[in-house]
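As given, the protein sequences belong to chains A and B, one line each in that order.
Offset between the first sequence (1-based) and the working numbering: plus 16.
Offset between the second sequence (1-based) and the working numbering: plus 492.
Everything labelled a hint here was simulated from the structure, so no lab data went into it.
Cβ atoms here follow ideal geometry from the backbone N, Cα and C, with glycine treated the same way.
Every clue listed holds true.
Simulated restraints on C-beta separations:
(1) B:Tyr-506 <-> A:Phe-324: 40 to 46 Å
(2) A:Ser-229 <-> B:Lys-773: 46 to 52 Å
(3) A:Leu-236 <-> B:Tyr-506: 14 to 20 Å
(4) A:His-302 <-> B:Ile-528: 44 to 50 Å
(5) A:Ala-157 <-> B:Val-639: 47 to 53 Å
Which residues of chain A face chain B? A partial, calculated answer using Cβ under 7 Å:
(6) Val-139
(7) Arg-148
(8) Gln-168
(9) Val-169
(10) Thr-170
(11) Ile-172
(12) Gln-198
(13) Val-256
(14) Thr-263
(15) Gln-281
(16) Thr-312
(17) Asn-315
(18) Gln-327
(19) Asp-335
The primary structure of each chain is shown beneath.
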Amino acid sequence: MNLVDMKTTQQSFFNKIFLKFKPGTLKSKVVLQKSKKYASYSIVYYLLVLISFVFLYPIFYMITYSLMNVSDLVNPLINWIPSQLYIGNYIAAAQVLNFFPALLETLYVTAVPAIVQTAAASVIGYGFARFRIPGKKLLIALVLFTFVIPPQVTMIPQFLMYRDLGLIGSTLSFILPAMLGQGIRSTIFILIFYQFYRNVPKSLEEAAKIDGSNALGVFLFIAIPAVVPAFIISFLFSFVWYWNETTLASIFFGDSISTLLMRLQRFSILYERLRSADPNFQVGRHINEAINMAGTLLNILPLLIVYFFTQRWFVESIDRTGITGE
Amino acid sequence: MKLKYALREALTGYAFISIWICGFLLFTMFPLFRTIWFSLNNVKITATGIETTFTGFKNFQDAFLLDVAFAETLIDYLFQLVVLVPIIIVFSIIVAILLNLKIRGKSILRTIYFLPVIITSGPVIQKLIDEGATTFPGLEQFIELSVLQQTFPAPIARVISFLVSSFIIILWFSGVQILIFLAGLQKLDKGMYEAADIDGASKWESFWKLTLPAMNPLIAVNIIYTIVTYSFFALNPIIALILESMYATGKGFGYASALAWIYFAVLLVVLGMFTYVIIRKEKRLTS
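Using the sequences plus the hints, can you model the full thing?
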């Protein structure tokens, strides 16, 4: 769209140069300078669009391959555009993934820890932002330190702890750490809230205190309403990161909960199992890349939908978190 | 009276933070020390509980002396970081500078560059790599692994082939970094550039003398972010190795704990080295 705009303006510029170019005049110098500017801008657009294409290439690949039928896949003449829009791969992949039940289960084990994590970070961040407490620097350093601890180091004792408590296969294995500010990348969310609360004018809270509110009242009725964007940002990122977490999920959930991504991990096995159990099925027993891509696309589709509606929050989040230092 | 107020404020503050302190002790500190203890033991999981027999540093010795896969994976991982981190940082600075120009369609472009952050997960990336969707077809035919192995030592050849086979994924890891740099660029003082322009500095000079020094803290943040995200990513071969040895016969939880700690120590050293370089550069610039 922008490229087309650029092209037409460029064209008119070239016309101008060729029609009115009189060497040595002041006007020609201005025209030259301007055309130079346009040339450099078209290089910038070219680069940016090229990078966008590289970024989106795997997604284009997924979409086109997932719509190919078996004969398209083996046809050497068909590279990018399928001969027809074949949705059989999606039906097969949805069957293998057990799509709708698995989607509901995934939403549940993703959204609940995300909400809990956000709530916990909002409380902890407030504590750090508002109160003068001894040892605060050390505590914040520890919060930062937890960011670089690999989950693999704490995973084994956590697993044993949950086993003793009978929490393996329960969502509580995700919810409990989140509740105490030790969920996936909790550090980032605590820092986001810390930054947001610090920008809330203190006079607002002091006024409420004079009116007789206690600390809890001030927090609930003054501070929280002032940082609603932090809640949205924190929830969205938590949601996405919990959705995409598979290492911990496969260890803590065991076999009793299987999220969409965990099913994608065992996609080929599940496919063979489903197919071999079906006596009517003879053709296409083996999984092909079209079904694989359809399954992958079905996995990221819910995230793409979420992103489509909330992308402004994601993209602007970094501006708002004040990482650039105010 | 004043002291009483300070005490009350501190106590209220601790009340808010107490949930983090409890969580830190319970889910981070305790497991961290327990893993150290496990790493010095042979751990057996039985139906009734955990049996540990003290073996000293045997697990660590085994990791380096007996386990061929571990040392090799660790070296590969370090090589990958050394190549990957500069690529991601330089790439995201360039993209951020381009996006910071007065161009139209900025928000669409930002949305596209950030998209991978949303959909990157172990199984999805694995499927994309398996199907060859993470690189352009021509590129892989252009550089073949067997040819590389003849000309370079094995770890370097593997790094190059990793770069070639999944170069889109490497760029996919730069979504957050681009936006962090962009936010930083937007905060820069325009007057500074005008002054430099009047003094006769070229765009190129003002990039090196003004933009880059101002970006230095953000470069440090992004380096740490890149290392941590890449290291914790589910497809990291070391993570796979740790998970594998948890249930492998003759290895078990004790051995896996030792691997996890070695990995953590290496990660800390790498992070320390990268930030040390940045801090030293910053000192040299300010002095």
